[in-house]
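If you read the protein sequences in the order shown, they are chains A and B.
Residue 479 in my numbering sits at position 117 of the first sequence, and the numbers go up by one each step.
Residue 102 in my numbering sits at position 100 of the second sequence, and the numbers go up by one each step.
Don't read these hints as lab results, they were simulated from the structure.
From a predicted model like this one, the values you see are computed outputs, not experimental measurements.
Every residue gets a Cβ at the ideal spot worked out from N, C-alpha and C, and that includes glycine.
Wrong hints could be hidden among the right ones.
What the simulated footprint calls covered on chain B by chain A, stretch by stretch (three residues with Cβ under 8 Å from a Cβ of chain A suffice, anywhere in the stretch; the number is not a length) [unchecked claim]:
| no. | segment |
| --- | --- |
| 1 | 26–32 |
| 2 | 69–80 |
Straight-line Cα separation of at most 27 Å, DSSO-like style, residue types lysine-lysine; simulated pairs [unchecked claim]:
| no. | chain 1 | residue 1 | chain 2 | residue 2 |
| --- | --- | --- | --- | --- |
| 3 | B | Lys116 | A | Lys584 |
| 4 | B | Lys54 | A | Lys584 |
| 5 | A | Lys466 | B | Lys55 |
| 6 | B | Lys116 | A | Lys466 |
| 7 | B | Lys55 | A | Lys465 |
| 8 | A | Lys465 | B | Lys54 |
| 9 | A | Lys584 | B | Lys55 |
Here are some, though not all, of the chain A residues that point toward chain B, as calculated from beta-carbon distances under 10 Å [stated by the list, open to error]:
| no. | residue |
| --- | --- |
| 10 | Gly380 |
| 11 | Phe411 |
| 12 | Gly420 |
| 13 | Gly421 |
| 14 | Ala445 |
| 15 | Ile452 |
| 16 | Gly478 |
| 17 | Ala545 |
| 18 | Arg559 |
In case you want the letters, here they are:
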Amino acid sequence: MITQSLTKVLNSYGLISGFALIGVTMWISYWISNNFTKGRLHGSAIAIFLGLVLSYFGGLFTGGEKGLVDVPLLSGIGILGGAMLRDFAIIATAFGVHTDELKKAGMSGVIALIFGIFVSFIAGAGVALAFGYTDAVSVTTIGTGAVTYIVGPVTGAAIGASSEVMALSIAAGLVKAILVMIATPFVAPYIGLNNPRSAVIFGGLMGTTSGVAGGLAATDPKLVPYGCLTAAFYTALGCLLGPSLLYFATSAILG
Amino acid sequence: MIIYGVALLALCTLLGLFLGDLFGVLIGIPANVGGVGIAMLFLIFGGSYLAKKRPLHPKTEQGIEFWSAVYIPIVVAMAAQQNVYGALSGGPAAILAGVLAVFLSFLMVPVLTKLGQKPDTSSEINENQ
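Between the sequences and the hints, there should be enough to build the whole structure, so can you do that?
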């Protein structure tokens, strides 16, 4: 009887359950941050990492594709962390951004976007070749998967890749997004990621919206709008270049 | 009123995403072309334009600041629904492709940051060459 009522409330007030659950997770994370790392590792970084670990187990036990959200009682997290509220909150962070900083970094952002797509594509395509894929369609699809997990399947569908290659391509993009979330706070001091300009460049190079959003949140929330602004253009540019320029270039090279 | 801020944010969001989608259709790609970025630009430049004419009421600002402040919890919720299991079960090729892409992109950050910062020195080098 108790479980029945509890399930009913948690499910029909999903978003509210999400607020409560994420709030508790944040509290635990900041507690760990203060007591075990003396605040050196941000509470937000720990919270994001906890979220990813929980999501792994969610996927392991339910066999679904949405991590913790596939666990029946926790579907509310899906609304809270879904694309709609995520984008709304990202846009809100832009309030108070200095227009001068943005104008100064504008051009570097565009250059970073182009470089970012090529660098990630070359990395992905190189690995595809090393693993024995030799046809242009597969190499391009896996390469664009390393751009983002959206560019990969969009490109693959356009040039007719097999479903096995598409799955590989999506997985490569997921690895990238997750790794950017986890690694950014650790790498940030070494790559000079501590000012709006480098954040604009970082966003353009990494491009994965979720990766950049999570990675910068865990590093320094003040940098979030700068990185997310350039990253917002990355997937679209990738979708534009993937089935066209990148595919043609790959076919030309592989013969 | 707080709702004015929330509504301003909502209007910027919708307008940005609408234009982004429109661009996507125009150039024939199945993705929103920078909708979030366009919305951010609307908020940045629109906000500073409005502030110059007449500073936003603190309550109005609170309507935007609330959403900016819950950004991190929202990102945590986003992390909790990533397909981590799918990523790790993609096999060595997928993992290596992702790791290598991130590694090389990280390396490029300081390179590009330096590239634009000292335009004088870089043009000198070009001249010397």
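So, going through the hints one by one against the coordinates:
1. 26–32: holds (count 4)
2. 69–80: Three-residue rule met by the segment 69–80 of chain B, so holds; n is 11.
3. B:Lys116 with A:Lys584: This hinted pair holds, its Cα atoms lying about 21 Å apart.
4. B:Lys54 with A:Lys584: Holds. Lysine 54 of chain B to lysine 584 of chain A sits at ~23 Å (cutoff 27 Å).
5. A:Lys466 with B:Lys55: The hint holds at about 24 Å.
6. B:Lys116 with A:Lys466: This hinted pair holds, its Cα atoms lying about 14 Å apart.
7. B:Lys55 with A:Lys465: Distance ~21 Å between lysine 55 of chain B and lysine 465 of chain A Cα, so the pair holds.
8. A:Lys465 with B:Lys54: This hinted pair holds, its Cα atoms lying about 18 Å apart.
9. A:Lys584 with B:Lys55: holds, 26 Å
10. Gly380: Interface hint status for glycine 380 of chain A: holds (6 Å vs cutoff 10 Å).
11. Phe411: This hint holds: phenylalanine 411 of chain A lies near chain B, its Cβ roughly 8 Å from the closest one there, short of 10 Å.
12. Gly420: OK, holds: glycine 420 of chain A within 10 Å of chain B, min 7 Å.
13. Gly421: holds, 3 Å
14. Ala445: holds, 9 Å
15. Ile452: Nearest chain B Cβ about 6 Å off; hint holds.
16. Gly478: Hint holds; glycine 478 of chain A Cβ to chain B Cβ min 6 Å, cut 10 Å.
17. Ala545: With a closest approach of 7 Å, the alanine 545 of chain A hint holds.
18. Arg559: holds, 7 Å
In summary, the structure agrees with every hint in the numbered list given earlier.
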